[in-house]
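> Okay, here's what each chain looks like letter by letter:
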Amino acid sequence: MNLILFTFIVLLGFTSYYFGRKKAYTIQSTKKRLTALPQFYGYYLAIWCAIPAFIIFSLWAIFEPTIVKLLILSDYSNQGYLDDELNLLYEKSKALSRGQFTGEITPFIEASAEKYLSLRSIAQSSKVVIVLSAIIASVAYAYKRISSNSRTREPVEKFLNAVLFTASLAAILTTVGIVFSLIFQTIDFFKVIPLFDFVFGTHWYPAKAFVRDSSEALDPTMYSDTFGAVPIFAGTFFIAFIAMCVAIPIGLMSGIYLAEYASTKVRQYAKPLIEILAGIPTVVYGFFAALTVGPFLKELGTSMGLEVSAESALAAGGVMGIMIIPFISSLSDDVITSVPQSLRDGSYAMGATKSETIKRVIFPAALPGIVGSILLGVSRAIGETMIVVMASGLAANLTLNPLESTSTITAQIVVILIGDQAFGDPKTQAAFALGMSLFLVTLCLNIVALRVVKKYREKYE
Amino acid sequence: MRKNGVKMIKIKAKDVDVFYGKKQALFNISLDIEENQVTALIGPSGCGKSTFLRCLNRMNDVIDICSVKGEILINDFNINDKSCDVVRLREKIGMVFQKPNPFPKTLYENVSYGPTIHGMAQSKQEMDEIVETSLKKAALWEEVKDRLHEPGTGLSGGQQQRLCIARAISVRPEVILMDEPCSALDPIATAQIEELIDELKKEHTIIIVTHSMAQAARVSQNTGFFHLGQLIEHGSTDKIFKNPDNKKTQDYITGRFG
Chain A
1 MNLILFTFIV LLGFTSYYFG RKKAYTIQST KKRLTALPQF YGYYLAIWCA IPAFIIFSLW
61 AIFEPTIVKL LILSDYSNQG YLDDELNLLY EKSKALSRGQ FTGEITPFIE ASAEKYLSLR
121 SIAQSSKVVI VLSAIIASVA YAYKRISSNS RTREPVEKFL NAVLFTASLA AILTTVGIVF
181 SLIFQTIDFF KVIPLFDFVF GTHWYPAKAF VRDSSEALDP TMYSDTFGAV PIFAGTFFIA
241 FIAMCVAIPI GLMSGIYLAE YASTKVRQYA KPLIEILAGI PTVVYGFFAA LTVGPFLKEL
301 GTSMGLEVSA ESALAAGGVM GIMIIPFISS LSDDVITSVP QSLRDGSYAM GATKSETIKR
361 VIFPAALPGI VGSILLGVSR AIGETMIVVM ASGLAANLTL NPLESTSTIT AQIVVILIGD
421 QAFGDPKTQA AFALGMSLFL VTLCLNIVAL RVVKKYREKY E
Chain B
1 MRKNGVKMIK IKAKDVDVFY GKKQALFNIS LDIEENQVTA LIGPSGCGKS TFLRCLNRMN
61 DVIDICSVKG EILINDFNIN DKSCDVVRLR EKIGMVFQKP NPFPKTLYEN VSYGPTIHGM
121 AQSKQEMDEI VETSLKKAAL WEEVKDRLHE PGTGLSGGQQ QRLCIARAIS VRPEVILMDE
181 PCSALDPIAT AQIEELIDEL KKEHTIIIVT HSMAQAARVS QNTGFFHLGQ LIEHGSTDKI
241 FKNPDNKKTQ DYITGRFG
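Listed in order, the protein sequences are those of chains A and B.
Counting along the first sequence from 1, when you hit position 68 you're at 68 in this note's numbering, and nothing is skipped either side.
Counting along the second sequence from 1, when you hit position 138 you're at 138 in this note's numbering, and nothing is skipped either side.
Isolated chain A (complex conformation) (with noise of 0.2 Å):
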């Protein structure tokens, strides 16, 4: 019904675009100068049918159930119900009007459903009839309105400029709301789990969480020796550490091959290949660190005398540098190519040969831009998920063997959320504290590379 109607507007608003330039046109063809292309007007008027469809809507989607709601409940009114029991009895007799109840239906509930069904099928027409002839009205006044001298530039202009400003508020709200909902459920999670335990106790254990029943009241000290995020935290740093010894010598390279050695077909066809790398879903190389990369590093150990765990950060973190490399390689490319031309030239014309040319000019001048290539790519490492989980194992060894096992921040996040939650339970809060961590630490990264790409960017002003 609701998509009917909502195609129905649509179609009223190219029927009011189309009726707006055509009197445009009409007013053009008597010889008078209009103010604006004919298109605004059209865009004029589809404004003025959209606007107030909009408006109806919003407010119909708000009231309508607490309307109905109301409605439903006054029949039981002054019968000495309490809210709970009320709120339960709506429930039920909407329920049962869609079909979905399986208790005993009483006839009371029956009576409900029945109307709650009669005021929905009111409310619906009615929204109908409003909405329609809203836009009706509206467009008419704003067709009536348009002559050769009314404006319609500015108003489509500043409708334009408001839905752009609505579209980047809406990506702002939701960032808010997202980091302000991290803060609360942190800071929940610290009301119960001292933060000294959390930043410096080196035991990891939320198994241990599982145990409580949900009926037994909270007792901090159950907890004590359970969240301490040292080990994730020194476990995400490593990881990522191997990581980036992978990444950013191979990637380094091969963006300065790319940018300074490379001919340009060679370049062509190199630099897209080195970007599908970057294309392939994180749990493909997740399988491939588990299932290829971790036995061979176990079965190369073993050869040697070694003992490897078949989950080992090595593993992990090597993939994941895999993973990395285009991001690098293609950045500093991107950097180094946009290093001027006359520099090389200055360089090659007092005699200095390419790799001088690149280690003493191109490499100083391109360098904020690579740091911050490469501090992009820290911030992926230590975001990086799956190939953790896959790869690494999930227990939290507080270790600086590569060849051990270890987990991170955000294996682990995915380890307490998977399955049944309880919101409120110390359990699923560090979750949340964990991604607050995690989120002030990539945070912190970014900012720092933006800061450095920045600079850079000043530097051939």
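Note that these hints are calculated values from the structure, not bench results.
Mixed in with the good hints, there may be bad ones.
Mimicking BS3-like on lysine-lysine, the simulated pairs with C-alpha atoms at most 25 Å apart in a straight line are [unchecked claim]: (1) K359/A with K92/B; (2) K201/B with K137/B; (3) K105/B with K92/B; (4) K92/B with K354/A; (5) K359/A with K99/B.
Got chain A; can you put chain B on it based on the hints?
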């Protein structure tokens, strides 16, 4: 410079052809360049004068699709020969570009760049001397001596170009190529550079590409006129400007085309 009335020829180009891919940019250029004189190359845009200039220190090597044929003898040695070491060649032949292009390094590092890569200074003191003499010769020393360790990109356009000249002369080249060195500068900075060119020709052979005929007349002793990839006429600046042999030269000089 004339020794016993004989012109000393520093550079001798013989039948130079340049191709960009399949397109020929220069046709059969033969030109002698006198030692310790300023030679100006003039001509309308796209006539090949900059391309010719870039042949003289093999900067065209940098462009993939560019190929150069013919002989260019500098001190009687063909630089297009396989045995020519480009690094040594460019040490002998400095270049100054159209747009000032100081490296994003300090003033000091900009000037010491060439001596460093050619290993010309044995000690910090020697390097300091080279930097100071070069900056003095480029008439920049007085303006920058107190801020040698600030970035070279912070200077004004004219100062940047003089810094680039200081950078070029720091390795004591025999020849300096200048590719429209004043086209991005205001008249005052231009006058300073022109004065500097006059000074520099005592020790260096200078070849300057310029769009300004007035500049060519002011700074040069010899002039070559290029048109559509051909060297139409060359000779002493006096003759080219006052009494050219070729009608095209005459037309260009008097502003009838180009």
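> Which numbered conditions among the earlier hints are violated in the structure presented, ordered from lowest to highest?
Checked against the structure, no hint fails, so every one of them is satisfied.
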